[in-house]
Amino acid sequence: MKPQHLFILTATLALASCNRLDVTGMFFSHGTHTEDRVAQWLEWNDQHPATVIAGAPDQYRVYVCSDIHLEGNTDRVERFLRAEGADSQGLFSIVNGDIANESGSRPFRQLDSLISSHAAADTCFVTIGNHDIYFDCQQYFQQYFHTSTYAVTVQTVGGAKDLFIFLDSGNATHGRRQLDWLKQLLQQRDQYRHVVVNTHTCLFRTSYNYSTTPAANLPEEEYYELLDLMSQHQVSLFLMGHFHHKEQHILGNVPYVMTSNLNEDPSYLVVTCADKVSYRYEEI
Amino acid sequence: MKKALIPLLLLFLSVPAANSQEPISKSHPLTLTGYGFYDFHYATGDNGGGVLVLDWQASPSFKLGIGAEYASSNRIAARLTGQATLLTTPIGQRLTLENSYLWRHFPSLNLQEFTGALQVGWHARHLNLHLGLCNRYIAELIQRSNGGQGTVFEPMNVMFAIEGWWYNQLVPRQWNIGLRWSNYNDFVIERVANWFFSAKALYQLPEYTHLYAEIGIHPVGSLNLTASYDGWFLHLGAIRTF
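From first to last, the protein sequence lines stand for chains A and B. In this text, residue positions in the first sequence follow this note's numbering: the first is 1, and each later residue adds one. In this text, residue positions in the second sequence follow this note's numbering: the first is 1, and each later residue adds one.
Don't read these hints as lab results, they were simulated from the structure. Hints may contain errors.
[To be verified] Label-pair restraints from in silico Cβ distances:
#	chain 1	residue 1	chain 2	residue 2	range
1	A	48	B	175	34 to 42 Å
2	B	36	A	36	43 to 51 Å
3	B	45	A	265	54 to 62 Å
4	A	48	B	40	31 to 39 Å
5	A	36	B	166	35 to 43 Å
[Said to hold, decoys possible] Cβ-to-Cβ under 10 Å is the rule here; a few derived chain B residues that face chain A:
#	residue
6	72
7	75
8	89
9	114
10	140
11	154
12	155
13	156
14	188
15	189
16	192
17	209
18	212
19	227
We put the CB at the ideal spot given by N, CA and C, even for glycine.
The following block holds chain B by itself, in its conformation from the complex (with noise of 0.2 Å):
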């Protein structure tokens, strides 16, 4: 086998960076999770935006996602999620394989980033873990069209997200808080020690429709570096079964 293949066979065996709040019934099969986001980092300025991810629960065991992301520091991206329940317990906890490709383009930068990630999730009444790998291709596009050396590949990237909420996440609740440490969200996967610090809150309303909030901070360092303040960001949405 060509030694090419093998970062290609990986990169299909890897990614998917699931959101974890997802109660959805047979009889509401989509779910359609929006919001908006503003970002401050505090080397390269700050960075406003909107997300738009569509779920559905194409069977009980299986759920298939695609999003979109645009930011206003010239970034877009696209990002395609499968997930597989393994084993779901008596009480509700499950265990889930997730696996996600994300697609990121930053116009003004020429460049292009293309990750597939696999993850391992358990989702227990008060928590959530994920824990996985991802690969990543960061190409420049114009420069391998002229034939040059465009591509830098990152392979085996660690994942992580550990989530903890005060409610039982498993029966429905007007509202419910928690905390989330994570090297990534939707559509930004950091190296492992880039780490997010975050808030989260859901609201009930009436049918079928969840209010959400997120904030978090960014350190840049951590592990071995000395950590030193980066940024914040604030998440503000809907989640809507249908």
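In isolation and in its complexed conformation, chain A is listed as follows (with noise of 0.2 Å):
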């Protein structure tokens, strides 16, 4: 056998063996596909009451990251938790998807748990990433989250209303189910003195980063329909993760903006909500 053979078979068979590569999932889908994994969604949300956070002040704060990685060490994500619960403004915080780094569900286990411990008072909302759905995990994601394609409504002392939604793009796509609840809830957008969508996937292709290159977006047609729904709706805030850098777009008046992750460049992201949306990164 050549070497360059050898070299083939061996790099194959260490790919195929990993357990944090899903090297078949790079090509075919083997766990759910995003529309049964919306149904579920979906589903989950008809036999449980929509969280609504009543009593917030009219200015508060939103911790915000994304691809946290777990991997053994938890300390990033427990400084992230901590510093929402220390600030008096801070509402609640949210992990916008990528919680896992290989197979198995104990990184789902580990953000539950930390969540549990650090968040008493405040809670934090997750969404799924493309790391979650590898090895066919989003039945890990679904036993400790729930439900990825969800809205919660902040009401506030002085009667105003935010509405937070949450998407599943794990797969580069929202699907036909989840982008028509999108389009259903914001037509609602009038009730609200916010609205602030989450996804994990980024919608943009701006600039590279070694470690994530290259990954994919959504498709084309899918992309302009969403900036056109989040431009149409006036969203305050649209938020991102999934490259593992930071990155800020106006487009349409809407903001878009993605958040690092927590190993490579570790950040988080503030979001103010007060009569206008703003936002600082923090570093780790």
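From these two lone chains plus the hints, build me the complex, please.
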């Protein structure tokens, strides 16, 4: 056997046996498809009341991170959750996808336990990311976090209402069912002071990070439809992760903000909701 | 030099996404390609339309092409392509450099997109290879005209196409079939990890006319995302040389 053939064979076997990189999943989805998963999320929503956070101050803060890729060391996630808990104006935190970096239930169990122990007063909302569906892991996401297509309403003492929407883009598409659900929800835009949309997969391909290149985006048709939907309804903030670096754009008057990860460039986003929505990055 | 000029310069150094079937003789320097298409996307629905591309072999080593597309999903597009042949081997294999500019307008979305691309191509007996880069501006023009920030610049997206033909494509034949793997087609340039897989066929009629068909799938997600089915497409048309 030629050395080149031996190298290819070894590399293939190494990748195929890896518990971090789902090689076959790069080409074929062997877990649930987006449509089936969204159907499961919406079914769970139907059986449980939507989350409403009442009595919030008129100005409050939300802490957002993504791509935590839990691999044993939970220090940075704990610091993120502690920072939100210690902020007197902190209302809740968000982990915007990619909890896991390997197969199995451990990362999901770990995050669930961290949220329970560090955010006793407040809560943490979670979306699913592409790594969370590798190796058919969505069953563990479902077990601990139940849904990734849902909305949370915040009612402030001054009578304002804000809407936080959470989406599943784990397969690089939101799917027909979820887009329909989103459109329906955005029809009620005028009832809310602010609408903040969260999804894992970044819409844009404006810069490169060696560790996530080449990572996929949404297909073009869907990407343009989503951009238009956001500007039509004047969404206050669109939050994304996936590419492990910080990025901000404004298109159609809508700010699109990407959070970094908690490993290579550890930081999170602090979003302030008052008369206007503003945000800043905090390094860890 | 102002920083803003750098992307502009890169843009002018960039794109063409030329179709690779073009045996044009000196006596027939014009080629007109026309096809209708049907595109189905699972998330966003279906989409039909038509494409017309006119190529002019201006000299043995330079070809200029203009094209237009209309899609029922409320998309119109235009493309300008220049292709220079850098090298031709005795058996007719060619090394090419292609530069194209693609403009797309989505009237219902208030969005416009302008892409510039530069590609190197190798056209052999059974194989066409293309590799290049493209830069893209996405603009929300109404927002721009109101003085707002309405532009996103996506630089250095890799474009590739690997196309294999069953029979030697450098020799005229009655028919030929091929397979193609790429991240772009005539009027759509996806990001590098969003692929098109397709099968193509050409059938020669008399009088310098070929019938052309292409059918393919367009999965979403690959490489760093688990892949899921998104859609399929069909192109049917003809290529005529004058």
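_Structure versus earlier hints, numbers of those that do not hold, lowest first_ = Going through the list in order, the structure violates hints 1, 2, 3, 6, 8, 9, 17 and 18 and respects the others.
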